[in-house]
Structures are given as C-alpha cells and as structure tokens.
Amino acid sequence: MMMQSDATDSVVRQEQAPSEKTLKRNAKMRGRKETLVFYAFILPFILGFSLFTVFPMVMSLIFSVNKISILDYAQGYWDFIGFENFKTVLFGDDYFFIAMKNTFIFAFLRVFICVFLSLLVALLLNSKIPGRKLFRTLIYIPAIVPVVGSSVLWRQLFDGRSSILSYLLSKIGIQVDATLWLGQYGLYSAIFMSIVMGIGPTMIMILAALQGVPQEMHEAAQIDGAGALRRFWYITVPFISSILFFVSITGFISCLQAYAEVDLLIGSVSNSSMTMSMLAMNYYRDPRIGLGYSSAISWLIFIIVLVFTVIYFSVAGKKVFYAGD
Amino acid sequence: MQFFCEKKFRNRLSSFVLFLVALVLSVLLVLPLVWMVIQSLQPNGDNIYQLPPVLPNPATLANFKTVFDEWNIPQLFVNTMTIMAGVMVLTLFSSLFVGYGFARLNGKGKNVMFGILMSTMMLPWAVTLIPSYAVWAKLGMLGTYWPLILPAIGGGAFNILLIRMFIMNIPRALDEAATIDGCSKVRILITILLPQLWPVIATIVVFTFNGVWNDYVAPMTYLWGYTDKYTFSIKLATSFRNEFQVNDWPKIMAASTLLSLPSILIVFFAQNAFTRGIVTTGLKN
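Taken in sequence, the protein lines are chains A and B. Heads up: the first sequence begins at 1 in my numbering, then just goes up one per residue. Heads up: the second sequence begins at 1001 in my numbering, then just goes up one per residue.
Calculated directly from the structure, the hints in this document are not laboratory data. All of these numbers come straight from a predicted model, not from anything done at the bench. Hints may contain errors.
[Claimed, not checked] Below are the DSS-like pairs computed for lysine-lysine, each with C-alpha atoms no more than 27 Å apart in a straight line: (1) LYS67(A) / LYS1008(B); (2) LYS128(A) / LYS101(A); (3) LYS24(A) / LYS1110(B); (4) LYS1108(B) / LYS24(A); (5) LYS133(A) / LYS1185(B); (6) LYS1185(B) / LYS33(A); (7) LYS1110(B) / LYS1008(B); (8) LYS1138(B) / LYS24(A); (9) LYS87(A) / LYS101(A); (10) LYS1110(B) / LYS28(A).
[To be verified] Chain B residues, not near chain A, derived (Cβ > 12 Å throughout): (11) LYS1065; (12) GLN1075; (13) MET1081; (14) ILE1201.
Note that the Cβ used here is the ideal one computed from N, Cα and C, for glycine as well.
Let the hints inform the model, and build the full structure from the sequences given.
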C-alpha cells in the first residue's frame, strides 16, 4: 500500500490519480444505475408498446404478404404471396379508391369546417357574456355522448320514413328527399354528425389558447388605431396558430381513419359511402382471404396517413408562429 | 359624456347579441339529445313517424322498463364495469410510474423513448387491431375481457403526458429533501407526489371511464358473438342492426338515453377535471 519513505509524494499521487478514475467510474456507474431505474419505471410503457403495438404491427406486415385467413392462421397454414394483396387492393378492388376519395372528402370537410366553427364559438365564448361556463358545457355535450348512442339518434333524425330534418328544411322552403340522407348523401350526413360531435373539444382547446393571447398587445394596437379585424388577424391568429395547427393535424390523423361513426350511421345502408377503415374492417373476418387482405389495406391506410401528415407538417407547419421563438 | 354613454350602450347591445347567439347555438347542439329523450317517452312507435312531430301523450316510462328487462341492463352494466375496473387499475398504475419516470428520472435514450411515446398517439388503430384480433383468437381468448383489459398496461400516451406535466410542475426540492431522509423513489412517488396529483388522477379517471363506456370498435372486435359478454354500448349497436323493427324506435331511444346518461352526468359533475384534460392535450411539449 503506502510507502513510508516517500509519504507526501505518494499521498498526493494516490489522491490525484485514482480519485479522477473513481470519480469517472462512479459517475458512469451512477449514470448506468440511473438509466436502469429510469427504464424500471417506464417498463409498463415498454411492455405495452412492444406487446400491443410493435408485435401486432409486425404480425400485420407478415399477414399482408400472405394469403391467409383467420382459420389458416389458427391452423398455422401460411401461404406467402408477396405483394399480391397490395396489388389486388390497388388494382383489383373497385371500392378502394372510392373509399379513399370518401375518406379524404370526410377528413377535409370535417376538419376544416369543424375547426372554423370551433374558432367562431371559442371567440364567442371568449367575449364577456354571462353564462359562459354553462354554454361551454352545453356545447361540449354532443361530444361526450357515446358514439353508438349518437349514431342511433342521428339515424332516427335522418330516417327516410319521416326525417324531421327534411320536414324542418321544407318549412324554410328547401325540399330534400328524406331517403337521400342515408343514401346518396350518406357521407355528408356522417360529416355533419361528426362535426356536431367534434366542435366541443376543439372549441375548448382554442378557447384555452385565446385566453393566453396577451391583452396588452390588443390594447396597444387599439390605441394605434387598428380595427377589430386587423387586431384579430395580426395578433390573435399568430398566437393561436400553433393550437389551430395542432387540432387540425390530430383531426386529420383521426378522420383519415374514420370508422365507428360512419359505420354506425350509414354502414349497413350504403356501400358507396365507405371509408378506408370500413373497407379494412369489412374483410378481416372473411374466411378466405380476410386477414392478409385487410392487413394490406390497413398498411395502406397507415402509409397514406403518414404521407399526409408529413406533407401537412411541411406545408402548414411552417406558417405556425411560436410565442417562444 | 354623451359619447361615453353611447359607447357603453353599444357594448351592452353587442354583449346581448353575442349572448343570444351563444344561447341559440347551445340549444341547437343539445336539441337532438332532447329529441332523443322525448322520443324515448313515446307510448307507441308510430308516433315517431308523425310530422309535424307529436309530444308523447301520455308520456310513459314503459320503454325504459322494456329495455331494462329484455336486455338485462344490470348484466350489461356489470360486464362493462368488469372491463372498466381492470382498465382503470392498469391505466392508473402504469401512467403514474411511467409519468414519474419521464418527469423526474434521466437515462440513456430518454429522448428516444419520449419520441416513441408521442408517436403512439398518431398510430392508425387498424394496423394493430386486426392482427391483435387474430392473435387473441388463436390464443382462444375471444369472448373474454383480457384483450380489452391487458393493453391498458401501456398506460396511454395521453395519461402519461398528463402525469408527467403535473409532476414537472411540483418543485423538486420536496423530492430531494425526502431523498436525503432516505426515502426510496417509489416511496417519494406514493407518499409525497401522489397526494398532490389528485386533480390529474380525476382527469384520467373521467377520460378512462368515458373511453371504456363509449368504446365500440374494440369490444365489437373481441366480444362479437358472445352475447352474454356484451357491453352496453355494443349491445345497443348489435340490437339496432340485427333485431330492429320499425316500432322499436321508442325502445331504442330509451336504450340510447340510458347509455348516454352516465357520460353526460360525469361531464357535469367533473367539469373541471374534464376541461383540464382537453386543454392539456393541446399543450404540446
């Protein structure tokens, strides 16, 4: 250990040389231990993510390049066919492009109209009117009704035998054949219902953003003689642009996969109003090609959503103003 | 002085007009639901088709009774609540621990994990649902509640972000003092942070309740055909599709009203928890 003769020197050396090493090693060990503890805490997420997201996605990819049904899979019978399923969907399925068109019509109308209306309602509720809190709750209620409940209800309101909507419209001079609501206009009826259900949450998010717009700026601009519209455009809009971008992008991601509300409202009525997800869900129990074919469709949906998201980010994302920048 | 009065008057007027607009708008949005309740009270199915619409005369609760008995609503309720209990426990447990991990701990690859967490919010559900159905079917677990409960182990990105954000707003000094006193991380989380987290827990409970109660796609996928396992929501959906007769409208409307009631009540009672949840989803990090 320590040598008696050169005591001071060795003490200095001992204190210098190993201490740096130990420090480093300690820091490394501490870092490693910290990492371990971190992963121990987020273990549930890793478990859930790998078992219920990654694993199914990989399975889905494998299914999509096989001719396989749910029965084949249960018996362990696989038939590799390469990209045959994708080819059939893209070139052999009459409904895929109809469904794609419908889905994009649904998404664009639903998202833009809903965000626009929500913005108007949020501006309305951001002004000083009595009973704001109650109005906010009332406007939110359609969003909270279970999708099954509201679809059944709207099914009744659109019902061809006695559509109350056609009746009310005829009172103001617009004649609409009641059987069209769930027929030819089915998709638009679904969009209408979806907008009614979607205004609440979107409005509340925009309202929260509106409350963060600095009031001093408005006052300063007012003193400088800026009118209400100009103040809205040059002060309010930049401040809420990030939330508008957020609600529209999340709206697109969910609407491009629209299923439950459309299926429940018009699913059993008209085939020509199908969305892409409805097409995928139509096939997965099919005893012949089901699993492989619907997996291929669902991967196409995934790719379409991804590409759209990237495009939307690069086009609209640039226009967003972040107050922190 | 006169100018001042005029301006005040104008402000009052515009505020009144805005109030009217808000009133009309809320009434329009809630009207369909009022219609649903009115129709559920109709004594016979033909009344629903009358134009102009007639009010139920005499109003009757018989439709509710019919639905209650025919569909065995208590059973449906128990089924839904069984799923609810499992999902709730797993969700709260996981989101609490994972949220703490992301808020307070550091480790290699934390940013990558966080990116993955955020990306799960954007994943299309069909890509995972269809193969999951196949795998659960192969395991012979269709018609059980496991496929509906177990995926909640992930905690849900939204809930994790809520907890994370909330913990990040609690001063670290508290944790550090406890660490010096020899408190373990788990104990810090349970005894020091958890008692302060109740508002965000309330939000998660409310959203999870609505998520499970309103869910249609997942139970329809995993429970379809196992009628004694149905949740309320898919019972309504399947009966409406399969056994629906024209005269059943009042009954269906009664069922629909019953189904919507818990969701609406919870929003009224937990308004703050609710708004907090929606607002926080919009606050990206």
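- prompt: Does LYS1138(B) pair with LYS24(A) here, judged by a C-alpha cut-off of 27 Å?
  reply: 52 Å, violated
task: Would you check whether the claim that GLN1075(B) is not at the interface survives, using Cβ distances to chain A and the 12 Å cut-off?
output: Given a closest Cβ separation of 17 Å, the condition holds.
task: Verify the proposed pairing of LYS87(A) with LYS101(A), using a straight-line Cα cut of 27 Å.
output: 18 Å, holds
- request: Could you grab the alpha-carbon distance between LYS1110(B) and LYS28(A) and see if it respects the 27 Å cut-off?
  value: Satisfied, since the Cα-Cα distance of roughly 16 Å is no more than 27 Å.
task: With a cut-off of 27 Å on the C-alpha distance, tell me whether LYS133(A) and LYS1185(B) pass.
output: 40 Å, violated
query: Are the Cα atoms of LYS1185(B) and LYS33(A) separated by 27 Å or less?
result: The given pair, whose Cα atoms are some 13 Å apart, holds under the 27 Å limit.
query: Is the nearest CB of chain A more than 12 Å from the CB of ILE1201(B)?
result: At about 16 Å from chain A, ILE1201(B) clears the 12 Å cut-off, so the statement holds.
- prompt: Is the straight-line distance between the alpha-carbon of LYS128(A) and that of LYS101(A) 27 Å or less?
  reply: 42 Å, violated
- prompt: Going straight from one Cα to the other, do LYS24(A) and LYS1110(B) come out at no more than 27 Å?
  reply: Roughly 21 Å separates the two Cα atoms, so the pair holds.
message: Checking one constraint from the list: CA of LYS1110(B) to CA of LYS1008(B), max 27 Å. Satisfied?
response: With a Cα-Cα distance of about 56 Å, the restraint between LYS1110(B) and LYS1008(B) is violated, given a limit of 27 Å.
field: Verdict on MET1081(B) as a residue remote from chain A, using beta-carbon distances over 12 Å
entry: MET1081(B) clear of chain A: closest Cβ-Cβ about 15 Å, beyond 12 Å.
- prompt: Is the hinted pair LYS1108(B) and LYS24(A) satisfied, with a Cα-Cα distance of at most 27 Å?
  reply: 17 Å, holds
The earlier numbered hints that this structure contradicts are 1, 2, 5, 7, 8.
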